[in-house]
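Asks: Dock chain L against chain F, hints included.
If you read the sequences in order, they're chains F and L. If you want the working numbering, it's the position in the first sequence, counting the first as 1, plus 2. If you want the working numbering, it's the position in the second sequence, counting the first as 1, plus 336.
Note that these hints are calculated values from the structure, not bench results. Beta carbons are placed, not taken as given, at the ideal position from N, Cα and C, and that holds for glycine. There could be a bad hint or two in this list.
Listed next, the in silico DSBU-like pairs over lysine-lysine satisfying Cα-Cα at most 35 Å (straight line) [to be verified]: (1) F:Lys396 with F:Lys328; (2) F:Lys315 with F:Lys396; (3) L:Lys359 with F:Lys323; (4) L:Lys483 with F:Lys328.
To list a few chain L residues with every Cβ distance to chain F over 12 Å, as calculated [claimed, not checked]: (5) Gly360; (6) Phe393; (7) Ser394; (8) Gly502; (9) Val505; (10) Lys507; (11) Val528; (12) Ile530.
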Amino acid sequence: MKTSALSFRLLVAAGLILTIAFGLMVFILEQGFRNSAERTLKEKLQVQIYALLSVAELTRKGQLNITANLHEPRFASPGSGLYAFVQKKDGILIWRSASALGEDNDLIAGLRAGESVFLSNSNQSDRFALQYDVIWESDTGKEYEFVFTIAEEAAFLTGQVESFSQTLRNWLLLVGLALLLVQFIILRWSLTPLRTIGKDLTAIELGRQHQLQGAYPAELQALANNINGLISSERAHLLRYRNTLADLAHSLKTPLAILRGSLENESNNEQLKSTLQNQISRMDDIVEYQLQKAAAKGQKQITGAVDLVPIIKKIVASLNKVYVEKNIRFSVDLPTQYPIHCDEGDLYEIAGNLLDNACKWCVSQIKFTCQNDRKAEGACFIVEDDGPGIADEKLNEILKRGVRADQNIHGHGIGLAVVNELITLLGGRLVGEKSSTLSGMKWLVYLK
Amino acid sequence: MRILIVEDEPILCKQIQQFFAEKGFAVDIANTGAEGLYAGKEYPIDIAVIDIGLPDFSGVELIKKLRKEEMAYPILILTARSRWQEKVAGLDAGADDYLVKPFHYEELLARVNALIRRSSGNAHPVLTFKNIELDSVSQEVIVDHQKLELTAYEYKVLEYLMFHQGEVVSKGTLSEHIYDEDLDRDSNVLEVFIGRLRKKLDPDGKTNPIETLRGRGYRIGG
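Only chain F is shown next, with the shape it has when bound in the complex (with noise of 0.2 Å):
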């Protein structure tokens, strides 16, 4: 049921709006058909009173005679269904067809001069029958009223609708399970290409291939790359992970070393605690640079790009609170939205580290701005201050790994190394240069 869940849950809503639709399809068309037929039989009955009339003539007594016999034999042959009766107006049968005898006959009370009434067979009677109510001048102008009806039997009409009923169910089941097929089969069809990316993924999990390779159809290409595009990030992560790890634990063994090396062999208290202080100092950048590095998403954004604008507010609004003796002047120039497809938290660290930089090198001015014109290069933001700038021949030092540009303002270099590699892992740009307005340091960050 897993595999197939999806087909399973379409078939199972396709059977269940063919068998609503066919359903009322069957309910309509039946009433249909049995008001169809209920007025074709009123239009028979109603020619067989005229025919009745047309055979019966008044004696100068008042009397009603059936002077002929009527066209139609079933009125002749007794039990047939097609009864024919007269009476008068208070009920007293006058005459009756041949196919009436022992039949009697109820007339409508309320009944006027010159209308006819229709009775079907819905209120517990077993005929259709069609009453017509007359009045009959005799020769010497004197009126009598009489009542003509014919009656046939229900039987024969209900045997009708319900043979046309079940012919059309019949028919109706079978185009339904005809439709229920062709549906199974377009379905089974249509989601071959999900069970091939089933079938892939799972190829992919045993290790027996690198990424989706099918040809999809256009739909699903888009899906299809996404995931690719997903495996190869975690597995770039993976990687990155099992860097950082090795790198970390390389890099720490040096101060170890230098830190047994003190304690077996250092006698000066003064010179061992200088020692301690500095490699922990050391230890502490390299665990810093490394979990920063291990902590960057680096990856685009599959869901959407993330707006810039709010993030770089927050982080001036907190680097005026951290920096506020400083009596720092931002000048942040933003467009009303700047999206860039990138993890929000990378988004943060570049910003937040240039940003920070430049707070801690300025002299009292910053400048943010977001170039407009994304065509070239993508998104590109750029951060400037006021400060001394950074000579060329440093700049390309600080940009290695964990290379601080001046051991007194803590965690420089391993800010800008790792905006430098979050970066480089974005498919972006770090470029430093000197800024031409504030006269001190310029980076401009390139996120295509």
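Replies: Just chain L, lined up with the frame of chain F:
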């Protein structure tokens, strides 16, 4: 100055407590968010140092709750997590500064002193009144260009009064902010400290820097 330390790691908490006690602070400690919230609301705290990772609820939540209760004293976040998103979340919640673990105690002290100065409206670490200069970083007091030797409690009393120049500070408030626990209000210990301070600051009785306002308290700078 009365400082609240909210830290769940007992050894680190003890170390910070000892460090600030040695530096002349009255120290209250809390090991959970709930304890921190109680102490932060009930005690006359001058500054709080709050760890982000607390066992019951996060330090960020604690800061939000304290700010909601209109506690306006400065708060410094201690965090082992150095990502900017987390720092911004803490500062956005109402903290005033952050320090990433492991930290240098001198840096912690400098940050705490800077926050206290900022909260009392003094940007510069050296507070002055007439011929008295008090350096809140080196904790040195200079009168007429001569360094003055003060005991820890004498320094605490003078520092509190210097930070609140122009304000009348009652004995109760003063004792609350320089001692971990309230002194007996009948005790004359504070009066003894004030008396000694006066003699050291103004041995000739010329400048009279600390005023006594009968029944109300003490004041530097009227």
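Asks: To test your reading of the hints: which numbers does this structure violate?
Replies: Violated hints: none; all satisfied.
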